[in-house]
Amino acid sequence: MSKTKNSKNYTILDIQEGLKKGYFSAEEIFKHYQKKIGKENKKLNAYLSVFKNYELRITNYGKNNTQSAMRNPLNGVPIAIKDNILIDGTVCTAGSKILKNYISAYDATVIKKLRLAGVQFLGKTNLDEFAMGTTTENSAFGPTKNPLDTSRIPGGSSGGSAAAVAADLCVFALGSDTGGSIRYPAAMCGIVGLKPTYGRVSRHGLIALASSFDQIGPLTKTVEDAALVLNTICGHDNFDPTTSKDNVPDFTKNLDKDIKGIRIGVPKEFFRDGLSAEVSENVRSTISKLKGLGCKTEEITLPNFEYALAAYYILVPSEASANLARFDGIRYGYSSKNAETLLDTYLESRSEGLGSEPKRRIMIGSYALSAGYYDAYYAKAQKIRMLIKKDFDEAFKKVDLIVGPTTPTTAFKIGEKSSDPLALYLEDVYTVPVNLAGLPGISIPCGNGESSNLPVGFQIIGKSFDEETLLKAAYQLEKHL
Amino acid sequence: MLTEKEVDHIAQLARIKLTDKEKDKFKNELSSILDFVKKLNELDTENIEPIYQTTGIINALRPNEHRKDFEMDEKLNKNLIDQAPSRQDRFVKVRSVLRKS
Numbered sequence: 001m002s003k004t005k006n007s008k009n010y011t012i013l014d015i016q017e018g019l020k021k022g023y024f025s026a027e028e029i030f031k032h033y034q035k036k037i038g039k040e041n042k043k044l045n046a047y048l049s050v051f052k053n054y055e056l057r058i059t060n061y062g063k064n065n066t067q068s069a070m071r072n073p074l075n076g077v078p079i080a081i082k083d084n085i086l087i088d089g090t091v092c093t094a095g096s097k098i099l100k101n102y103i104s105a106y107d108a109t110v111i112k113k114l115r116l117a118g119v120q121f122l123g124k125t126n127l128d129e130f131a132m133g134t135t136t137e138n139s140a141f142g143p144t145k146n147p148l149d150t151s152r153i154p155g156g157s158s159g160g161s162a163a164a165v166a167a168d169l170c171v172f173a174l175g176s177d178t179g180g181s182i183r184y185p186a187a188m189c190g191i192v193g194l195k196p197t198y199g200r201v202s203r204h205g206l207i208a209l210a211s212s213f214d215q216i217g218p219l220t221k222t223v224e225d226a227a228l229v230l231n232t233i234c235g236h237d238n239f240d241p242t243t244s245k246d247n248v249p250d251f252t253k254n255l256d257k258d259i260k261g262i263r264i265g266v267p268k269e270f271f272r273d274g275l276s277a278e279v280s281e282n283v284r285s286t287i288s289k290l291k292g293l294g295c296k297t298e299e300i301t302l303p304n305f306e307y308a309l310a311a312y313y314i315l316v317p318s319e320a321s322a323n324l325a326r327f328d329g330i331r332y333g334y335s336s337k338n339a340e341t342l343l344d345t346y347l348e349s350r351s352e353g354l355g356s357e358p359k360r361r362i363m364i365g366s367y368a369l370s371a372g373y374y375d376a377y378y379a380k381a382q383k384i385r386m387l388i389k390k391d392f393d394e395a396f397k398k399v400d401l402i403v404g405p406t407t408p409t410t411a412f413k414i415g416e417k418s419s420d421p422l423a424l425y426l427e428d429v430y431t432v433p434v435n436l437a438g439l440p441g442i443s444i445p446c447g448n449g450e451s452s453n454l455p456v457g458f459q460i461i462g463k464s465f466d467e468e469t470l471l472k473a474a475y476q477l478e479k480h481l
Numbered sequence: 001m002l003t004e005k006e007v008d009h010i011a012q013l014a015r016i017k018l019t020d021k022e023k024d025k026f027k028n029e030l031s032s033i034l035d036f037v038k039k040l041n042e043l044d045t046e047n048i049e050p051i052y053q054t055t056g057i058i059n060a061l062r063p064n065e066h067r068k069d070f071e072m073d074e075k076l077n078k079n080l081i082d083q084a085p086s087r088q089d090r091f092v093k094v095r096s097v098l099r100k101s
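Keeping their order, the protein sequence lines are chains E and S.
Take 1 as the starting number for the first sequence in full-length UniProt numbering and just add one per residue.
Take 1 as the starting number for the second sequence in full-length UniProt numbering and just add one per residue.
Honestly, I wouldn't trust all of these hints.
As the list claims (entries may be wrong) - Straight-line C-alpha distance at most 25 Å; calculated BS3-like pairs for lysine-lysine: (1) LYS100/E x LYS17/S; (2) LYS390/E x LYS296/E; (3) LYS97/E x LYS39/S; (4) LYS97/E x LYS78/S; (5) LYS463/E x LYS390/E; (6) LYS39/S x LYS417/E; (7) LYS25/S x LYS417/E; (8) LYS38/S x LYS383/E; (9) LYS97/E x LYS17/S; (10) LYS38/S x LYS245/E; (11) LYS337/E x LYS38/S; (12) LYS97/E x LYS93/S; (13) LYS78/S x LYS100/E; (14) LYS463/E x LYS389/E; (15) LYS39/S x LYS389/E; (16) LYS337/E x LYS21/S; (17) LYS39/S x LYS383/E; (18) LYS337/E x LYS93/S; (19) LYS75/S x LYS52/E; (20) LYS389/E x LYS268/E; (21) LYS27/S x LYS417/E; (22) LYS25/S x LYS413/E; (23) LYS337/E x LYS23/S; (24) LYS97/E x LYS23/S; (25) LYS25/S x LYS97/E; (26) LYS268/E x LYS38/S; (27) LYS100/E x LYS5/S; (28) LYS100/E x LYS38/S; (29) LYS93/S x LYS390/E; (30) LYS390/E x LYS38/S; (31) LYS68/S x LYS97/E; (32) LYS17/S x LYS93/S; (33) LYS417/E x LYS21/S; (34) LYS38/S x LYS389/E; (35) LYS38/S x LYS417/E; (36) LYS417/E x LYS23/S; (37) LYS39/S x LYS268/E; (38) LYS390/E x LYS268/E; (39) LYS17/S x LYS337/E.
Worth flagging that the hints you see were computed from the coordinates, not collected in a lab.
Bound conformation, chain E alone:
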């Protein structure tokens, strides 16, 4: 490690270069991060578990692995994984007491792909319990703190991943995004967060929150890194029939191309009540930079935008109530010692093992799906989901990308909103519509807000399966911010 500065915030390309030029070996860079985590994680609580043994950090697949890994830019890169993605033989908690001692029996597809690429896994990162939340305060293992100001939230639910990237406790991290859980914390921590199109990345081995919304994606330091990670983790998977069989482009190929003439839509609904002045200002000045780069911006409308959150908070709890039925105290994890009968096992184990937010959502979902209420809630919300999707379809007839804020405000204090679940739901207002429509979205930092001096996230939303245009615009913009 002699030739590098210790303060360096490594990107994927930095690691590639360092390994190639012999500044450090794969083992040295792994130990560098391990040491850094040992020193700084106590303060941040970004990692829930750390893989201590260097030899155990990777197990290879097949004989040709080394050769294929040598060609992958992720080879040797030390990374972090959100603790709701399975790594064979290691603990996976999903941020819940009910899975405190759960050992994964297999690798998630994304983990398999990353292993083949030759990455080094540093550890698993903190999250809101079962990815339900926007602050990481809902973790059963304590909140993660924002590295830029430890009295503040890092965002959620992939808050541990965002904090680990922002504090350079890994080169990049994986998160999952059901209603903003990658983009929201990326915005709060001043980094890049990409939610791919639903169906772009396999969900096999991701502990499910809401199966028609969940998507795995990268949290990175640069847009280029996000493209490199997407290249590696995307593609059709036999274990996830919702993954697309379409050919996958090289997402880095067109990053450098001109964005002149790209049509950018700015929904007027994004700039109404609830958006803080400083976020609005940074987002607007970023939009003028896009204009300066030759993009054509125009005001558009998403007429049903104001109904997106309400639909989301029926549909996600409904899917969650079904997905979390498997935590029954019998097959996995925590089982109550107080139960005498089978029914008691369910009631007591779930009562003792689940935190408030999962309980809340399971109950809302059970109610919305129950006899007599299904049509009024669940079916109604699915119709609204159709309207939201149609709004986007209409807008994308006129524009190539849609832009706006990622979040209504910059990072707030830990505890500031935790007593009011509904207030926290409103934080997702700009990210949720993207998941309802299954579209790709990215958050990139666009400077610090004037009054808080904290990072503001700029969101770019693309057409279905057109991450290329989205990444290209983000890449060009990043150079001018």
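Add chain S to chain E, keeping to what the hints say.
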């Protein structure tokens, strides 16, 4: 506002036992969430089809061939059974279905 009886019913459906304190808390919280989502009734959706997924993929089938990419072997079998909190040999143990009289 949900009644206490309704909250009990929902908790029973969700298979979650609530303490008295939780019942009170969730009664208020669930009611305010349900009030919030009532907003959807403002929209006329009479002629709108519901959408259940966004990919457009219909009937994702695979060839009817033996798949070798996830074979059950002794080790995987053991790993899966070992996840159960209560077990005996190769079996998952559950408590009695009916209460002893």
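Checked hints:
no.: 1; hint: LYS100/E x LYS17/S; verdict: 20 Å, holds
no.: 2; hint: LYS390/E x LYS296/E; verdict: 23 Å, holds
no.: 3; hint: LYS97/E x LYS39/S; verdict: 34 Å, violated
no.: 4; hint: LYS97/E x LYS78/S; verdict: 23 Å, holds
no.: 5; hint: LYS463/E x LYS390/E; verdict: 12 Å, holds
no.: 6; hint: LYS39/S x LYS417/E; verdict: 23 Å, holds
no.: 7; hint: LYS25/S x LYS417/E; verdict: 16 Å, holds
no.: 8; hint: LYS38/S x LYS383/E; verdict: 14 Å, holds
no.: 9; hint: LYS97/E x LYS17/S; verdict: 16 Å, holds
no.: 10; hint: LYS38/S x LYS245/E; verdict: 38 Å, violated
no.: 11; hint: LYS337/E x LYS38/S; verdict: 40 Å, violated
no.: 12; hint: LYS97/E x LYS93/S; verdict: 21 Å, holds
no.: 13; hint: LYS78/S x LYS100/E; verdict: 19 Å, holds
no.: 14; hint: LYS463/E x LYS389/E; verdict: 11 Å, holds
no.: 15; hint: LYS39/S x LYS389/E; verdict: 18 Å, holds
no.: 16; hint: LYS337/E x LYS21/S; verdict: 22 Å, holds
no.: 17; hint: LYS39/S x LYS383/E; verdict: 14 Å, holds
no.: 18; hint: LYS337/E x LYS93/S; verdict: 13 Å, holds
no.: 19; hint: LYS75/S x LYS52/E; verdict: 24 Å, holds
no.: 20; hint: LYS389/E x LYS268/E; verdict: 17 Å, holds
no.: 21; hint: LYS27/S x LYS417/E; verdict: 19 Å, holds
no.: 22; hint: LYS25/S x LYS413/E; verdict: 23 Å, holds
no.: 23; hint: LYS337/E x LYS23/S; verdict: 22 Å, holds
no.: 24; hint: LYS97/E x LYS23/S; verdict: 21 Å, holds
no.: 25; hint: LYS25/S x LYS97/E; verdict: 21 Å, holds
no.: 26; hint: LYS268/E x LYS38/S; verdict: 24 Å, holds
no.: 27; hint: LYS100/E x LYS5/S; verdict: 33 Å, violated
no.: 28; hint: LYS100/E x LYS38/S; verdict: 36 Å, violated
no.: 29; hint: LYS93/S x LYS390/E; verdict: 49 Å, violated
no.: 30; hint: LYS390/E x LYS38/S; verdict: 21 Å, holds
no.: 31; hint: LYS68/S x LYS97/E; verdict: 35 Å, violated
no.: 32; hint: LYS17/S x LYS93/S; verdict: 22 Å, holds
no.: 33; hint: LYS417/E x LYS21/S; verdict: 21 Å, holds
no.: 34; hint: LYS38/S x LYS389/E; verdict: 20 Å, holds
no.: 35; hint: LYS38/S x LYS417/E; verdict: 23 Å, holds
no.: 36; hint: LYS417/E x LYS23/S; verdict: 21 Å, holds
no.: 37; hint: LYS39/S x LYS268/E; verdict: 20 Å, holds
no.: 38; hint: LYS390/E x LYS268/E; verdict: 17 Å, holds
no.: 39; hint: LYS17/S x LYS337/E; verdict: 14 Å, holds
In summary, the numbered hints that this structure violates are 3, 10, 11, 27, 28, 29 and 31.
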